[in-house]
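Spelled out, the chains give:
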Amino acid sequence: SAVISQKPSRDICQRGTSLTIQCQVDSQVTMMFWYRQQPGQSLTLIATANQGSEATYESGFVIDKFPISRPNLTFSTLTVSNMSPEDSSIYLCSVEWVINYGYTFGSGTRLTVV
Amino acid sequence: GNSVTQMEGPVTLSEEAFLTINCTYTATGYPSLFWYVQYPGEGLQLLLKATKADDKGSNKGFEATYRKETTSFHLEKGSVQVSDSAVYFCALSDRWGDSGGGADGLTFGKGTHLIIQP
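In order, the protein sequence lines correspond to chains A and B. If you read the first sequence in the working numbering, its first letter stands for residue 1, the second for the next number, and so on. If you read the second sequence in the working numbering, its first letter stands for residue 115, the second for the next number, and so on.
Treat the hints loosely; a few may be bogus.
[What the hints assert, rightly or not] Every beta carbon over 12 Å from chain A, so not counted as near; a handful from chain B, in silico:
1. Leu127
2. Leu158
3. Val196
[Claimed, not checked] Across the chosen pairs, the derived CB separations fall in these ranges:
4. A/Gln38 <-> B/Glu156: 29 to 39 Å
5. B/Glu177 <-> A/Thr56: 28 to 38 Å
6. A/Ser59 <-> B/Gly175: 18 to 28 Å
7. A/Pro67 <-> B/Asn136: 35 to 45 Å
Simulated from the structure, these hints should not be mistaken for laboratory data. Here a beta-carbon is modelled for each residue, glycine too, at the ideal position from N, C-alpha and C.
Make the full structure from the sequences, and use the hints.
Next comes the structure, spelled out in structure tokens:
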């Protein structure tokens, strides 16, 4: 399966600022996904990012707050904009691995907003 | 929409005990089912999966059988070890189920924190 490098691994940010999280995959993949894992909670899909098209956002998530880029088949970024303490979560990148009918996850970015 | 319900923890067992973590799902079609594990301080790893009814996924001594009639995918292990202590997530995807071509991404349960005591 694909190997995903995600960075930063963690960050502490001031409210009102923005953070961009990077996700690099070691092979070309069609579909990439961004999830949020709030403290003590499960994972919630934020959006699906396909190369060459606009990201598709799930209910409750909007592009102004979580803009996503997907410039090629191995890279994507998620920006958390105008942060508040409620945005403190782990953000995870994931890719679809069609051959094995599964999904691989990055190690996550632990974000704390103060 | 799709949903996954799994028993909430923490679940505390002694080493070598038998483990069952229940998972049931609601889906419009026949999804693929997964168990992911998150060890302390680590990322999410695929533990096992099943893509159609009656399939049994297995890995590292863990097993789960896709039961369409009861819409369940319970995780079992015959003898747990301290190293199995982690959070376990049940999840589903419409992407490769029998009906195919469904929504993208995974729907997760809330996770079950498993603690194994020596």
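Against the structure, the hints come out as follows:
1. The claim that B/Leu127 lies off the interface holds: its Cβ sits roughly 21 Å from the closest Cβ of chain A, which is beyond the 12 Å cut-off.
2. Not every Cβ of chain A is farther than 12 Å from the Cβ of B/Leu158; the closest lies at roughly 4 Å, contradicting the non-interface assignment.
3. With a cut of 12 Å on Cβ distances, B/Val196 stays outside the contact zone with chain A, its closest approach being about 22 Å.
4. Remark: the range hint 29 to 39 Å for A/Gln38 to B/Glu156 is contradicted by a beta-carbon distance near 18 Å.
5. Remark: the range hint 28 to 38 Å for B/Glu177 to A/Thr56 is upheld by a beta-carbon distance near 35 Å.
6. As the Cβ distance of A/Ser59 to B/Gly175 is approximately 38 Å, the hint placing it in 18 to 28 Å is violated.
7. For the pair A/Pro67 and B/Asn136, the beta carbons lie near 39 Å from each other, so the given range of 35 to 45 Å is met.
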